[in-house]
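Peer 1: Starting from the known structure of chain A, fit chains B, C and D onto it as the hints suggest.
Chain by chain, the residues run as shown.
4 protein chains.
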Amino acid sequence: MRKTIIGVMGPGNHPTDIDLHRAYQLGQLIAQEGWVLLTGGRKAGVMDAASKGAQAAGGLTIGILPDDNTSQMSEAVDIAIITNMGSARNNINVLSSDVVIACGMGTGTASEVALALNNGKQVVLLTDDQDSQRFFISLSPEQVFLATSPEAAIEFVKASLTTIL
Amino acid sequence: MRKTIIGVMGPGNHPTDIDLHRAYQLGQLIAQEGWVLLTGGRKAGVMDAASKGAQAAGGLTIGILPDDNTSQMSEAVDIAIITNMGSARNNINVLSSDVVIACGMGTGTASEVALALNNGKQVVLLTDDQDSQRFFISLSPEQVFLATSPEAAIEFVKASLTTIL
Amino acid sequence: MRKTIIGVMGPGNHPTDIDLHRAYQLGQLIAQEGWVLLTGGRKAGVMDAASKGAQAAGGLTIGILPDDNTSQMSEAVDIAIITNMGSARNNINVLSSDVVIACGMGTGTASEVALALNNGKQVVLLTDDQDSQRFFISLSPEQVFLATSPEAAIEFVKASLTTIL
Amino acid sequence: MRKTIIGVMGPGNHPTDIDLHRAYQLGQLIAQEGWVLLTGGRKAGVMDAASKGAQAAGGLTIGILPDDNTSQMSEAVDIAIITNMGSARNNINVLSSDVVIACGMGTGTASEVALALNNGKQVVLLTDDQDSQRFFISLSPEQVFLATSPEAAIEFVKASLTTIL
Numbered sequence: 000m001r002k003t004i005i006g007v008m009g010p011g012n013h014p015t016d017i018d019l020h021r022a023y024q025l026g027q028l029i030a031q032e033g034w035v036l037l038t039g040g041r042k043a044g045v046m047d048a049a050s051k052g053a054q055a056a057g058g059l060t061i062g063i064l065p066d067d068n069t070s071q072m073s074e075a076v077d078i079a080i081i082t083n084m085g086s087a088r089n090n091i092n093v094l095s096s097d098v099v100i101a102c103g104m105g106t107g108t109a110s111e112v113a114l115a116l117n118n119g120k121q122v123v124l125l126t127d128d129q130d131s132q133r134f135f136i137s138l139s140p141e142q143v144f145l146a147t148s149p150e151a152a153i154e155f156v157k158a159s160l161t162t163i164l
Numbered sequence: 000m001r002k003t004i005i006g007v008m009g010p011g012n013h014p015t016d017i018d019l020h021r022a023y024q025l026g027q028l029i030a031q032e033g034w035v036l037l038t039g040g041r042k043a044g045v046m047d048a049a050s051k052g053a054q055a056a057g058g059l060t061i062g063i064l065p066d067d068n069t070s071q072m073s074e075a076v077d078i079a080i081i082t083n084m085g086s087a088r089n090n091i092n093v094l095s096s097d098v099v100i101a102c103g104m105g106t107g108t109a110s111e112v113a114l115a116l117n118n119g120k121q122v123v124l125l126t127d128d129q130d131s132q133r134f135f136i137s138l139s140p141e142q143v144f145l146a147t148s149p150e151a152a153i154e155f156v157k158a159s160l161t162t163i164l
Numbered sequence: 000m001r002k003t004i005i006g007v008m009g010p011g012n013h014p015t016d017i018d019l020h021r022a023y024q025l026g027q028l029i030a031q032e033g034w035v036l037l038t039g040g041r042k043a044g045v046m047d048a049a050s051k052g053a054q055a056a057g058g059l060t061i062g063i064l065p066d067d068n069t070s071q072m073s074e075a076v077d078i079a080i081i082t083n084m085g086s087a088r089n090n091i092n093v094l095s096s097d098v099v100i101a102c103g104m105g106t107g108t109a110s111e112v113a114l115a116l117n118n119g120k121q122v123v124l125l126t127d128d129q130d131s132q133r134f135f136i137s138l139s140p141e142q143v144f145l146a147t148s149p150e151a152a153i154e155f156v157k158a159s160l161t162t163i164l
Numbered sequence: 000m001r002k003t004i005i006g007v008m009g010p011g012n013h014p015t016d017i018d019l020h021r022a023y024q025l026g027q028l029i030a031q032e033g034w035v036l037l038t039g040g041r042k043a044g045v046m047d048a049a050s051k052g053a054q055a056a057g058g059l060t061i062g063i064l065p066d067d068n069t070s071q072m073s074e075a076v077d078i079a080i081i082t083n084m085g086s087a088r089n090n091i092n093v094l095s096s097d098v099v100i101a102c103g104m105g106t107g108t109a110s111e112v113a114l115a116l117n118n119g120k121q122v123v124l125l126t127d128d129q130d131s132q133r134f135f136i137s138l139s140p141e142q143v144f145l146a147t148s149p150e151a152a153i154e155f156v157k158a159s160l161t162t163i164l
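Chains as they are written, first to last, in numbering that gives the first Met the number 0: chain A, 0 to 164; chain B, 0 to 164; chain C, 0 to 164; chain D, 0 to 164.
The set of hints was computed from the structure by calculation and includes no laboratory data. It cannot be assumed that every hint is accurate.
[As the list claims (entries may be wrong)] Derived lysine-lysine pairs resembling DSS-like cross-links, with alpha carbons at most 30 Å apart:
(1) A:Lys120 to B:Lys42
(2) B:Lys157 to B:Lys120
(3) B:Lys42 to D:Lys120
(4) C:Lys157 to C:Lys120
(5) B:Lys120 to D:Lys2
(6) D:Lys42 to C:Lys120
(7) C:Lys42 to C:Lys2
(8) C:Lys120 to A:Lys42
(9) B:Lys2 to B:Lys42
(10) B:Lys120 to B:Lys51
(11) B:Lys157 to D:Lys2
Bound conformation, chain A alone (with noise of 0.2 Å):
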């Protein structure tokens, strides 16, 4: 039975310590659903704490890793998948997961929601800056929901799983 996987992507370098924080959240309540984390495996920013509060919660964590440099892998990823295609394993990071919550914002986490726009995804904005909440709401406002806590985030994904599953 294919397990339900929620990707967690936000910003690698220069989080804001908030990112931080509800990262960690929501690697904690993902993991308390049953769900399986996804993120892009790297030991640093949004994608690391995540893991961390995942595991902390007793969850599995999955890190699709842009490269094959061991020293740079969050601890808390339980498998490890090495793409060592960089920026284009983005890709596969948003079609890997059921739904994509976007935690923070940065040049490659807008990638990560763009390309799961373009690939029929829902994705959950937990972010405080509204000009992407703006763009990403023009590009394709049935796809993008805004959440203000890591708890309102979960219930957003909880309804979009109804629906998809």
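Peer 2: For chains B, C and D alone, kept in the frame of chain A given last:
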């Protein structure tokens, strides 16, 4: 001697008439400069229009195709690179372009602009969509240039090339 | 703590009965060792048989899918990674496996063995095909091990893991 | 009008002198036929020699690069496609070639021949290595042609093109 490659990215589906008109002009101007045009290669929207413009002006056109369906290739593509990797090929589009011009906006185009910024490329936005202008400038103000005409876009490209080559 | 991943590669189309029998046994043995099984994820041939064996023994199974056609996924895959990049995903299969076992032979399997060797991985060949044995040993004698049974293959994997982990 | 692309694959490291000599001749002959040469693009071995031969004969050369390290690109590549996806780019090499010629043998070359066969392409083997001849013919006898000289390889390519184009 490696040739200069300029990428023109834009919506394949539902382009505006002005997007198509500008894309054709961009193709012409790129060819007239002696540069090679790179697009996503499909027989659709901005990709197809830009390739036709470049060919009409005697230029060389490359298409980085998402699949191996030859019936969906633009007939104005001289060199077809078949990736068979869907939207993940968007990363190859931007990595292979010395400068990226986004002509119009959509989810695929947004992913290409974000990936270009993520990979350190300079991007010219030729679109009237203010939400995307505001968003991408907020992401990386030094890498994004706003243009209001194909001619202005080409001037920006020329200036960028003197810096990066 | 990152889990050990063992890849089982083999023909999806036209496997022999002995290939399928061995694949199922390999899946069981891998699960019994507490390792994670990785395959190409399709509902076909060696991939499917190995995944079923691992699941029957209570193990965790990963499938690295070439496309997003859910009707073609093995039902014995727990974690589906959707690459949508066709045979290029074969490189991810081998990069993500600590050791690769080739069970049977075909064009796809041959590409995976060659990519594994190219990436410095150790490969166990569990096949009666002498042409492939001779060829791959000639390519890289230090990286290729010949096994004549699933049990012998697992012994080779254990020995390899003590070296590389 | 889409151009005919012929791929020449062969070892980057440790090519034999005869491999290099044949690769240069293949490049020349491909250019003289008016075809575009496609290689892996690196400044090494068969890729570099074939590109130099094609350029010397006035042909157009494409390199599908595994990374974005410009110092490692062959100087005889006219059009550099930057994939940044390591050996996974081997699948793009063969998908983009109308016919594939393997000049010499190694682990990377073997992966390209296997991927080409897996994707339904016709492959000319120009190598004295009998183990690889026997193996690839056993895998798919209808798709593999043995050549003993660059001229013979080109004759096979011509015959193949009349079938597939």
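Peer 1: If a hint holds in the structure, say so; if it doesn't, say that too.
Peer 2: Comparing the hints with the structure gives:
{"no.": "1", "hint": "A:Lys120 to B:Lys42", "in the structure": "holds, 25 Å"}
{"no.": "2", "hint": "B:Lys157 to B:Lys120", "in the structure": "holds, 14 Å"}
{"no.": "3", "hint": "B:Lys42 to D:Lys120", "in the structure": "holds, 24 Å"}
{"no.": "4", "hint": "C:Lys157 to C:Lys120", "in the structure": "holds, 14 Å"}
{"no.": "5", "hint": "B:Lys120 to D:Lys2", "in the structure": "holds, 29 Å"}
{"no.": "6", "hint": "D:Lys42 to C:Lys120", "in the structure": "holds, 25 Å"}
{"no.": "7", "hint": "C:Lys42 to C:Lys2", "in the structure": "holds, 24 Å"}
{"no.": "8", "hint": "C:Lys120 to A:Lys42", "in the structure": "holds, 24 Å"}
{"no.": "9", "hint": "B:Lys2 to B:Lys42", "in the structure": "holds, 24 Å"}
{"no.": "10", "hint": "B:Lys120 to B:Lys51", "in the structure": "holds, 25 Å"}
{"no.": "11", "hint": "B:Lys157 to D:Lys2", "in the structure": "holds, 28 Å"}
In summary, this structure violates none of the numbered hints.
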